[in-house]
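Peer 1: Single-letter residue listing:
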Amino acid sequence: MDFGPHLLLASLEGAVTAAILALTAMGLSIVFGVMRVVNVAHGEFYMLGAVIAWWVTSLIGGHPAIGFVMALGIAPLVVGLLAAAADKLILQKINYDPDRTIVATIGLLYIIQQTTLMTFGPDARPVQPPFNTRLALPWFEYGEGGFAMFWPWGLSITSYKLFVIVAAVAILTTLWLLITRSKIGLIMRATQLDSETALAFGVPVDRVYMWVFGLGAGLAAVGAVLVVPIQQAHYLMGHDPLLLAFITVIIGGLGSLPGTIIAAILIGMSDGIISVFFSPTLAKIIATLLVAMVLVFRPQGLLGRSA
Amino acid sequence: MSNTQRSNLLHLGTITLLAVAFFILPTYHVGNLSRIMVLAVYAIGYNFLFGYTGLLSLGHALFFAAGMYGLGLSMELFDLTTAPALVVGLASALVISAVIGFLALRTSGVSFMIVTLMFAQAGYLTILYFGTYTRGDEGFVIQQADRVLFGVDLSSDTGRYFAALALFSVCFLAVAHLVQSPFGRTLVAIRENEERARMLGYDTVTHKLKAVIISGTISGLAGAAYALLFGYAGATFATVQYSIFPLLWVLLGGAGTTIGPLIGVIFMFYLIDLSSSITSAYMLIAGVVLVLLTLFAPQGLAGELRKRVFKWMP
Numbered sequence: 001m002d003f004g005p006h007l008l009l010a011s012l013e014g015a016v017t018a019a020i021l022a023l024t025a026m027g028l029s030i031v032f033g034v035m036r037v038v039n040v041a042h043g044e045f046y047m048l049g050a051v052i053a054w055w056v057t058s059l060i061g062g063h064p065a066i067g068f069v070m071a072l073g074i075a076p077l078v079v080g081l082l083a084a085a086a087d088k089l090i091l092q093k094i095n096y097d098p099d100r101t102i103v104a105t106i107g108l109l110y111i112i113q114q115t116t117l118m119t120f121g122p123d124a125r126p127v128q129p130p131f132n133t134r135l136a137l138p139w140f141e142y143g144e145g146g147f148a149m150f151w152p153w154g155l156s157i158t159s160y161k162l163f164v165i166v167a168a169v170a171i172l173t174t175l176w177l178l179i180t181r182s183k184i185g186l187i188m189r190a191t192q193l194d195s196e197t198a199l200a201f202g203v204p205v206d207r208v209y210m211w212v213f214g215l216g217a218g219l220a221a222v223g224a225v226l227v228v229p230i231q232q233a234h235y236l237m238g239h240d241p242l243l244l245a246f247i248t249v250i251i252g253g254l255g256s257l258p259g260t261i262i263a264a265i266l267i268g269m270s271d272g273i274i275s276v277f278f279s280p281t282l283a284k285i286i287a288t289l290l291v292a293m294v295l296v297f298r299p300q301g302l303l304g305r306s307a
Numbered sequence: 001m002s003n004t005q006r007s008n009l010l011h012l013g014t015i016t017l018l019a020v021a022f023f024i025l026p027t028y029h030v031g032n033l034s035r036i037m038v039l040a041v042y043a044i045g046y047n048f049l050f051g052y053t054g055l056l057s058l059g060h061a062l063f064f065a066a067g068m069y070g071l072g073l074s075m076e077l078f079d080l081t082t083a084p085a086l087v088v089g090l091a092s093a094l095v096i097s098a099v100i101g102f103l104a105l106r107t108s109g110v111s112f113m114i115v116t117l118m119f120a121q122a123g124y125l126t127i128l129y130f131g132t133y134t135r136g137d138e139g140f141v142i143q144q145a146d147r148v149l150f151g152v153d154l155s156s157d158t159g160r161y162f163a164a165l166a167l168f169s170v171c172f173l174a175v176a177h178l179v180q181s182p183f184g185r186t187l188v189a190i191r192e193n194e195e196r197a198r199m200l201g202y203d204t205v206t207h208k209l210k211a212v213i214i215s216g217t218i219s220g221l222a223g224a225a226y227a228l229l230f231g232y233a234g235a236t237f238a239t240v241q242y243s244i245f246p247l248l249w250v251l252l253g254g255a256g257t258t259i260g261p262l263i264g265v266i267f268m269f270y271l272i273d274l275s276s277s278i279t280s281a282y283m284l285i286a287g288v289v290l291v292l293l294t295l296f297a298p299q300g301l302a303g304e305l306r307k308r309v310f311k312w313m314p
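Read top to bottom, the protein sequences are chains L and F.
Heads up: the first sequence is residues 1 to 307, going by the numbering used here.
Heads up: the second sequence is residues 1 to 314, going by the numbering used here.
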């Protein structure tokens with residue numbers, strides 16, 4: 001393939017990464033924004049979403065679409081409830097003290113990961129995508145006879161990957177409407193701005209925290225269910241998304257939701273493009289160092305306001 | 001008996017106990033104990049920053065690995081003998097902790113944890129990237145001939161145990177002395193209330209930087225000693241898990257106590273040792289312990305003891 005089609009292919013793959021990343025990072029960002037809490041176990045909620053998706057689809061059988069739709073409903077719900085329970089049983093008890101919360105969620109990380117290892121096992125397991133038609137893409141080039149359209153070999157995307165992008169956009173739009181237009185969103189924003197005043201106005205802050213924590217984990221699980229037909233479920237799969245989501249939230253500005261989306265697109269796309277053209281390890285080293293430097297020299301992130 | 005005398009008694013008593021343990025414990029536990037003492041040095045280094053200065057780093061594996069690879073690679077690639085290689089290991093930990101400290105201390109709180117985590121991750125990936133020299137995850141063995149220091153064979157049971165004990169004693173006593181000195185007291189003041197310490201005229205940034213360097217160098221020393229005593233250097237020691245371990249040990253034993261790191265390592269070591277004979281998912285135990293600790297004993301074992309019984313404990 002020439003450079004042009006190659007780049008198009010890389011950006012399409014990047015867009016899929018960006019879509020999943022936006023969902024995962026949004027979960028982390030909401031939790032940090034509303035509760036001022038860093039959830040280190042976020043990647044494990046993601047992994048749990050994928051594992052439950054595998055479990056549901058393999059249990060149901062029949063056409064892969066039925067299992068997939070069921071998984072898309074069940075996995076985020078189960079993960080969200082689990083996270084809400086963890087919040088009530090652990091984080092609420094330690095009063096969301098920043099240091100202790102990090103330690104407790106590190107503990108949670110190992111509990112979820114190792115329990116999955118004991119039950120699900122160390123193997124990676126695939127999930128059938130509900131539909132998977134290969135769509136060839138055309139490429140236009142200015143040649144001797146003016147513009148010509150042709151179909152380069154290998155330049156294609158599956159219908160499922162397009163669906164992932166569309167689904168992520170739809171879910172994020174719904175979320176945005178929920179936060180900005182509904183009463184639930186109003187309560188969330190009130191709690192974020194000033195939890196004590198919100199409490200004085202009769203907002204059940206403890207319960208809001210619990211469900212926000214659940215919502216954050218649920219979003220990670222949605223991302224995982226969408227990705228699992230492309231990637232396979234594995235008990236260690238939460239590690240990379242956690243780091244990437246962290247990076248995204250930081251670059252976007254801690255707690256800034258639009259910033260998170262923009263950063264997710266930026267990072268997802270560049271990850272897709274860089275890993276096509278450079279060694280993935282080197283790309284990761286550069287990305288990690290860049291993010292650390294952003295935090296050091298511009299701690300409020302790209303869109304965040306200084307605290 | 002004054003409090004200082006009591007602490008001296010506690011510290012010298014601990015060291016004596018460890019020395020006596022070599023003669024009375026069975027070989028298996030003696031082997032474990034030498035590993036525990038080296039890891040306790042790592043925990044002591046971590047405790048100096050976390051327990052006394054109040055900075056929670058999630059990137060100490062980088063310093064541990066700096067010591068380990070500084071020693072290992074200078075032996076592998078430049079054929080240095082033991083003592084100069086040890087110096088290289090120490091120096092690389094010192095330089096790296098100075099650079100990381102200089103950068104990371106521009107941030108605070110949650111950002112500090114994430115920045116240190118990121119730097120450590122970049123360090124781990126760098127070790128993998130230069131796999132031709134470091135041999136990545138597989139790691140490499142330190143040659144038997146290189147493991148002799150001042151005529152002591154560090155690969156023999158006795159040599160290894162007493163080298164570990166000597167190293168542990170030096171770090172243990174030095175840190176115990178340091179935290180009672182005016183410098184250490186200032187660090188505690190910064191931990192308790194940085195604004196106030198600054199208002200009283202202390203240069204808090206320089207103090208914190210010094211704390212990172214001391215902590216990082218002790219951690220690097222532990223890394224170098226680990227490679228030297230157990231004859232192996234590998235990228236596993238640079239992973240996030242090895243940044244979380246010292247946090248776990250210190251929290252379990254008691255942050256901000258001199259004896260806490262040792263207690264934490266002993267406890268955790270045997271907990272994992274026992275549970276790994278039952279299940280391969282032994283990190284589950286670590287997770288449960290972390291959660292239970294934050295819920296019920298945020299001060300750790302020694303910290304709770306100090307709160308309830310021995311108020312004089314250092």
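Do not rely on the hints blindly, as some may be mistaken.
Stated by the list, open to error - Below, simulated DSBU-like cross-link-like pairs (lysine-lysine); rule was C-alpha separation at most 30 Å, straight line:
id: 1; chain 1: F; residue 1: 210; chain 2: F; residue 2: 307
id: 2; chain 1: F; residue 1: 311; chain 2: L; residue 2: 93
id: 3; chain 1: L; residue 1: 93; chain 2: L; residue 2: 183
id: 4; chain 1: F; residue 1: 210; chain 2: L; residue 2: 93
id: 5; chain 1: L; residue 1: 88; chain 2: F; residue 2: 307
id: 6; chain 1: F; residue 1: 210; chain 2: F; residue 2: 311
id: 7; chain 1: L; residue 1: 88; chain 2: L; residue 2: 183
What the hints assert, rightly or not - Per label pair, the in silico range of CB-to-CB distance:
id: 8; chain 1: F; residue 1: 4; chain 2: L; residue 2: 193; range: 43 to 53 Å
id: 9; chain 1: L; residue 1: 193; chain 2: F; residue 2: 98; range: 45 to 55 Å
id: 10; chain 1: F; residue 1: 20; chain 2: L; residue 2: 236; range: 53 to 63 Å
id: 11; chain 1: L; residue 1: 185; chain 2: F; residue 2: 296; range: 50 to 60 Å
id: 12; chain 1: L; residue 1: 77; chain 2: F; residue 2: 241; range: 30 to 40 Å
id: 13; chain 1: F; residue 1: 31; chain 2: L; residue 2: 8; range: 54 to 64 Å
id: 14; chain 1: F; residue 1: 31; chain 2: L; residue 2: 236; range: 54 to 64 Å
id: 15; chain 1: L; residue 1: 193; chain 2: F; residue 2: 21; range: 21 to 31 Å
id: 16; chain 1: F; residue 1: 273; chain 2: L; residue 2: 193; range: 25 to 35 Å
id: 17; chain 1: F; residue 1: 241; chain 2: L; residue 2: 36; range: 45 to 55 Å
As the list claims (entries may be wrong) - Facing chain F, from chain L, some residues (calculated, C-beta under 7 Å):
id: 18; residue: 93
id: 19; residue: 294
id: 20; residue: 298
If you're looking for bench data, these hints aren't it; they were derived computationally from the structure.
C-beta: ideal position from N, C-alpha, C; glycine also.
Peer 1: Determine for every hint whether it applies to the structure shown.
Peer 2: Evaluation of the provided hints:
1. 210/F x 307/F: 29 Å, holds
2. 311/F x 93/L: Holds: residue 311/F and residue 93/L sit about 27 Å apart, inside 30 Å.
3. 93/L x 183/L: 27 Å, holds
4. 210/F x 93/L: 35 Å, violated
5. 88/L x 307/F: Distance of about 28 Å is within 30 Å: holds.
6. 210/F x 311/F: Between residue 210/F and residue 311/F the Cα gap is close to 29 Å, so the pair holds against 30 Å.
7. 88/L x 183/L: Cα-Cα ~23 Å, so holds.
8. 4/F x 193/L: 43 to 53 Å: 51 Å, holds
9. 193/L x 98/F: 45 to 55 Å: 41 Å, violated
10. 20/F x 236/L: 53 to 63 Å: Between residue 20/F and residue 236/L, where Cβ atoms are some 43 Å apart, the hint is violated.
11. 185/L x 296/F: 50 to 60 Å: 36 Å, violated
12. 77/L x 241/F: 30 to 40 Å: 31 Å, holds
13. 31/F x 8/L: 54 to 64 Å: For residue 8/L against residue 31/F, whose Cβ atoms are near 59 Å apart, the range 54 to 64 Å holds.
14. 31/F x 236/L: 54 to 64 Å: With a Cβ separation near 30 Å, residue 31/F and residue 236/L fall outside 54 to 64 Å, so the hint is violated.
15. 193/L x 21/F: 21 to 31 Å: Between residue 193/L and residue 21/F, where Cβ atoms are some 58 Å apart, the hint is violated.
16. 273/F x 193/L: 25 to 35 Å: With Cβ atoms ~50 Å apart, the hint is violated.
17. 241/F x 36/L: 45 to 55 Å: 27 Å, violated
18. 93: Holds, because the Cβ-Cβ distance from residue 93/L to chain F comes to roughly 6 Å (cut-off 7 Å).
19. 294: At about 10 Å, which exceeds the 7 Å cut-off, the nearest Cβ of chain F leaves the hint on residue 294/L violated.
20. 298: 10 Å, violated
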